[in-house]
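Asker: Residue strings, one per chain:
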Amino acid sequence: MTPHRSMTINPGKWLLFAAFVLAWEYGVRLFEIPQFILPPPGMIASKVFRDLATGVILPDLQITLLEVLTGFVSGAIVGLAVGAAIALIPVVESWAYPYILALQTIPKVAIAPLIIIWFGYGIQSKILMAALISFFPILVNVIAGLKTADPRRLLLMRALKANGWQTFFKVRLPGMLPFYLAGLEVGIVFAVIGAIVAEFVGANSGLGSLIVKRQSAIDVVGVFSVLVYLSLMGLSLNAIVQWIGARFVFWARHENTQI
Amino acid sequence: MTASPELDAPAEYHLDVHEISKTFTSLDGETVKAISNVSFTVAQGEFLSILGPSGCGKSTLMMIIAGLIAPSSGRVLARGQGFNGVHPDFGIVFQDAVLFPWRTVQGNVELPGEINGMRPGARASRARDLLHLVKLDGFEGKYPHELSGGMQQRVAIARAMMLSPAMMLMDEPFGALDALTREEMNLELQRINLETGQTVIFITHSIPEAVFLSDRVLVMSGRPSTILETIAIDSDRPRSIDKMVSDKFGAYVSHMRHLMSRKDPA
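These protein sequence lines are chains A and B, in that order. For the first sequence, the working numbering assigns the number 1 to the initial residue and increments by one for each residue that follows. For the second sequence, the working numbering assigns the number 1 to the initial residue and increments by one for each residue that follows.
The set of hints was computed from the structure by calculation and includes no laboratory data. Nothing here was measured: the structure is a model prediction, and the numbers come from that model. Some hints here could point you the wrong way.
[Stated by the list, open to error] Derived Cβ-Cβ restraints for the label pairs, each shown as a range: (1) A:Ala102 / B:Gly80: 56 to 62 angstroms; (2) B:Lys33 / A:Ala239: 33 to 39 angstroms; (3) A:Leu227 / B:Pro120: 53 to 59 angstroms.
[What the hints assert, rightly or not] Over the 10 angstroms line for every Cβ pair with chain B, so calculated as not near, a few chain A residues: (4) Pro34; (5) Gln35; (6) Thr54; (7) Val92; (8) Ala144; (9) Leu160; (10) Gln166; (11) Leu177; (12) Lys213; (13) Gly234; (14) Trp251; (15) Ala252.
Just so you know, even glycine gets a beta-carbon here, dropped at the ideal spot from N, CA and C.
Using the sequences and the hints, build the whole thing.
Answerer: And the structure:
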């Protein structure tokens, strides 16, 4: 649960990265690897720049971002609600949990063709796919967070004669938040995967569909450019979720200390 | 030095612990007798320590008195009346401070008031008064992780006093603190106790701590836990730390140590 500082300033890391890029650039030239197999990074960088400067990438970027965000927020809300119902209501747990476990064993990307058939080529099927994939890690974390309430805190609430609602809102819910945020951090990355997979299977717009179009034109540089935008999107969305987490669950870093 | 509780306690006592026994069934089906036939009374305004070796079941005894665990037999009367669950006269301090890390110091102290439906204005000013009493003025807006262990336990004491309980139940509240902080907290507890005049039941395994703080000490045996002896500490409170090295104090301490080591060879 401890937030990791993945972006620490470490000159060694940057040197290694620079060495990797240089090796790629000159390796490609040295071994005369054709552009349509592996383009050099310099060429990819200029394509990334041109995609933005000409505005070619923007409509697709917007579509995918909309799908990811809408899907993620839906997954986060439904995950919280279903997780709370499973963790707190024993009847729901015994009836629903086996199905959820069964669903979890299915690779969600394999459902994408069905989702496209049912919900069409438009944005709805992508939102649903993003929501479905981000739902599970969020759900699992909500259940774990609500079930692992500190017994000492529950005893204190009992000593104070708190009722069930008070115990839920004052102990279980805040204690669950660090788990929820860990679920959201995974969920946002999963939502990107969900949207892209659904776009691969059937779409007219979005970054996933752009990859497919550029692939059929054997525009490998163009595919790499889209990959760069996708990874930038995933990184920044994840950073935003982490930032929100650090603001609202700032105390979680000290959770393991005896208080 | 020795007296039976009946002779010792005044006629109008506050709490009556009557023939409490507790038997547990362990996972392999064995029955373990943790507490055997414990009876004592606590007088109004008295500071009573329950002293026993680690694992002797004294925490269990406190939980039974608090109404958080049911005894196998026996009963606890407060002001002559039996009760279910936690008696509203009690304020409980646990071994760990058990503060909520997402609440400020002020918010933690206000918690019992919130649960009890106290008005926001009233509980805010009550919490500030209590934080003043435990000498934490200016720490209202801090979070628990910003405090030392001793300060956290002060917050827990203030929280336990939020609803003005007539009796404080304290389960080894300073057990996790280092020796110096512990001594300081003993002095603080004595000061707070003399200011408020609350009745206190204090669980500890530290002999000097029990002697220093208490009007009376119940010395418990190891499992099954029974009262070996009830010892009244004949010395006016407040007491200074210097008193702990006096001959009289030493005599109490060594007597209790002999009692505990004789019945519970380690």
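Asker: Could you run down the list of hints and mark each one as holding or not?
Answerer: To see whether the hints hold, each was checked on the structure:
no.	hint	verdict
1	A:Ala102 / B:Gly80: 56 to 62 angstroms	holds, 59 angstroms
2	B:Lys33 / A:Ala239: 33 to 39 angstroms	violated, 59 angstroms
3	A:Leu227 / B:Pro120: 53 to 59 angstroms	holds, 54 angstroms
4	Pro34	holds, 58 angstroms
5	Gln35	holds, 55 angstroms
6	Thr54	holds, 49 angstroms
7	Val92	holds, 27 angstroms
8	Ala144	holds, 18 angstroms
9	Leu160	violated, 5 angstroms
10	Gln166	violated, 5 angstroms
11	Leu177	violated, 8 angstroms
12	Lys213	holds, 49 angstroms
13	Gly234	holds, 29 angstroms
14	Trp251	violated, 4 angstroms
15	Ala252	violated, 8 angstroms
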